[in-house]
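Trainee: In case you want the letters, here they are:
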Amino acid sequence: MSTFATELSIGELKAEADRLFSRKRLTNFGLPALVLVYLIYVYFAFDVPGLAGRANLENGKTLVSDSYSYKTHIERDNRTGEIAAAIEGERKGAYPDGEAPDWVALGETTVIDLEDGHVVRFGPETVEYDIPGYGTIRATPTRAAGVQAEMPDGVVPEWINVSKNRLTVTTDAGRLTVTRNRSEVFRYFTGWELFWFTLDSPYYGQSFPELAWRAASGEAGAIFNDFWTNKMWRHQDVAWAIFETILMAFLGTLGAAMVALPLAFLATRNFNPMKSIRFATRRVFDFVRGVDALIWTVVLARAFGPGPLTGAFAILVTDTGTFGKIFSEALENVDQKQIEGVQSTGANATQRYRFGVIPQVTPVLLSQLLYFLESNTRSATVIGAITGGGIGLLLTQAIITQKDWEEVAYYIILIILMVMLMDWFSGWLRKRLIQGGTRKKRRSRDPNRKRFLLP
Amino acid sequence: MTDLTAGSLSVDQIRDEYTGMTRRKRVYGGILMILFVALMAAGFRTADDRNAGSFIDGWHRILDYPSEVLSEAWEKIAEMPANLVTFFPALIETLNIAAAATLVGTIAGTFLALMSTRGMALWPSLIPLFRRISDIFRAIPEIVIALVLIFILGGGPVPAMIAIAIHTAGALGKLFSEVNENASLKPVEGLYSVGANWSQRMYLGVIPQVGPNYVSYALLRFEINIRASAILGFVGAGGLGYELRNAMSWGQGRYDEAAAIFILLFVTIVVVDQLSGILRDRLTHGSEKGASA
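Note that the protein sequences, when read in sequence, are chains R and L. Okay, so the first sequence: first residue is 1 according to the numbering used here, each after it adds one. Okay, so the second sequence: first residue is 1001 according to the numbering used here, each after it adds one.
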């Protein structure tokens, strides 16, 4: 190049430099401009301006607040006068009859202390709510006349919603709802309720040292059993679900590798001289990869029903194609000299493969396998959500109820931890298996090594 | 050291030691193999037990559903072109979700990668923070964010796009920072010496070095994101997946539409796969040539 350049005149050189610069400038500004134009197109194609109308920010607020707090319902049946207390209003979290949390004083007039001076009284006839700085609200529910509410004088603030048959007061301390048939108070607490033990367990509400002491004195099994069978959080089911998800990833990945390895030999130029078979095998790999996990999941779920087996097979089939492609590329790059060396000692075909080929490709194979193990843990979560199996199913179920957001948050945290754990584990194993021993760590950054790109 | 001890051993002893070592290795290998097979077998047994239907009962039914779909599609083959046209907009939507998510994810991933590479970070003390952020982004499966966002934003392409973009940002952030570590810092220092600010140093000093690698990773991510966006459609985020679920849950009589969607998805994935393979090949080879010349 440089020899040609010296023959050019200065003017030509200048012109060339100018052209180069203007081309660079064009790409430098043109490319971002193209991206911007595309994003603007997408902005309108996805109807982002209309999104504001469809979005439900109220949903978002409940989601966020519910994911780190819970509420206890105190409910009175206005006809019978019976009072029931339940955490989140669920039967699983209900207090036994005649019992209530210690901030509720049961009696003819039940007094509910919402703290900071907020007090609700369920009288025989009238419900009263003292709000500091505002006054006392009285509501009398009757079957005939609906709810008769008396407010302090002045304009009714917007946090009080009153109509003929319903009174709703929402304050920072809690919420009171009075209808003809029911009077109900919510009090909000931070945290995840009943995470360790449900109310029917004798260990509910005990401090950690107390539990440790009891565990030491021979109750460890009972304590664990109460925790494990917690009906609210279902720790046992969750543990099984996580296990199922990891199982799907594990079986799918390793099964795919076992199926793909022999097939990969058929797809290589140096091990399989028959062009037609080579072509056919490669197209099979392309096909199973192209059909995609989604469609395999749908098809296999029809045959096996929902569950971890279906998920494992869906991963297995899809990854067989991917592994087949990667493995056959690795096999095409093996060094023939090593095979010849093994052959010169009188090795037969099996021995040649075992000692001449496999040791060469093992590092690539193993590192791919471990990368995919991590990525398939994520896929297994997604597939579980479609076919019904593992933690993905629990997550979708919890989201569908649209109220157990604390469980959703719990599952999301578990999923993230699970994936990070698998990531760490596969990285650790890779280091131990491949880079352990004599090889230098620096090898992984070798720019000439063929890079395998991963999901 | 080995020489000294070897010198004091006779040939027989060396041979014995060697055969002993090989035997031990073989035994370990055998035990590992047996363990592995047992683990796989036990795993499949457990998975089979916890599945709704078992493998033994189901394996001969694997082809039932595809053949049912295909036979019905074959009967209505005349409607196939019309169906393909009907679902083409859904395909475009799926592609748009994947493309926009890849773009947004690439931009965010570039930022995360620059922020978590020593020598390039704007705030070097925050490098661990940005690394953890991209770790967490990478660990979140798309479906988790998509489902939560669908609840807040309603169904449609935007939740899917955001979900995929977040995961893409994390995944690319990690890959990009590995690329960054191989980049030369000299142009950055040169630009610094003439008074360039951080964004100029990055845009003019780093990006040209790592650009081809970035684009190649982003293209691969685009392939993956097409699949992800089809799957997310299945849980209500629009595009082909959504149409597929509708066509399937309709029960009998809409399998011709399902077949059309299958075909569209399959062809798209294969075509994008091939195209991006060729492009990536050219990008990496091109950069190598440029580097050696």
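No lab work stands behind these hints, which were simulated from the structure alone. In this text, a Cβ means the ideal position worked out from N, Cα and C, and glycines have one as well. Heads up, a few of these hints could be off.
Simulated crosslink set (DMTMM-like; lysine to aspartate or glutamate; CA at most 25 Å straight-line) [to be verified]:
# : chain 1 : residue 1 : chain 2 : residue 2
1 : R       : 24        : L       : 1281
2 : R       : 275       : L       : 1281
3 : R       : 275       : R       : 184
4 : R       : 24        : L       : 1189
5 : R       : 231       : L       : 1273
6 : L       : 1174      : L       : 1223
7 : R       : 325       : L       : 1049
8 : R       : 275       : L       : 1189
9 : R       : 164       : R       : 82
Derived coverage of chain L by chain R (criterion: at least 3 residues anywhere in the stretch with Cβ under 8 Å from a Cβ of chain R; other residues may be distant) [said to hold, decoys possible]:
#  : region
10 : 1099-1110
11 : 1134-1148
12 : 1261-1272
Trainee: Would you mind marking each hint as holding or not holding in the structure?
Mentor: These are the hints, each one checked on the structure:
Simply put, residue 24 of chain R and residue 1281 of chain L have alpha-carbon atoms about 23 Å apart, close enough for the 25 Å limit, and the pair holds. Simply put, residue 275 of chain R and residue 1281 of chain L have alpha-carbon atoms about 24 Å apart, close enough for the 25 Å limit, and the pair holds. As the CA atoms of residue 275 of chain R and residue 184 of chain R are separated by approximately 77 Å, the hinted pair breaks the 25 Å bound. Restraint check for residue 24 of chain R and residue 1189 of chain L: satisfied, since their Cα atoms lie roughly 21 Å apart, inside the 25 Å limit.
With a CA separation close to 47 Å, the supplied pair residue 231 of chain R and residue 1273 of chain L exceeds the 25 Å bound. Only pairs whose Cα atoms come within 25 Å are accepted, and residue 1174 of chain L paired with residue 1223 of chain L is accepted, the gap being roughly 18 Å. This hinted pair does not check out: residue 325 of chain R and residue 1049 of chain L have alpha carbons roughly 32 Å apart, beyond 25 Å. For a cut-off of 25 Å, the pair hint linking residue 275 of chain R to residue 1189 of chain L is broken: about 54 Å separates their Cα positions.
Distance check on the hinted pair: residue 164 of chain R and residue 82 of chain R sit about 24 Å apart at the alpha-carbon level, within 25 Å; holds. Remark: the region 1099-1110 of chain L is confirmed as covered by chain R, as 4 of its residues place a Cβ nearer than 8 Å to a Cβ of that chain, reaching the required three. With 11 residues having a beta carbon nearer than 8 Å to a beta carbon of chain R, the region 1134-1148 of chain L meets the requirement of three or more and the stated coverage holds. With 5 residues bearing a CB less than 8 Å from a CB of chain R, the region 1261-1272 of chain L meets the requirement of three and the coverage assertion stands.
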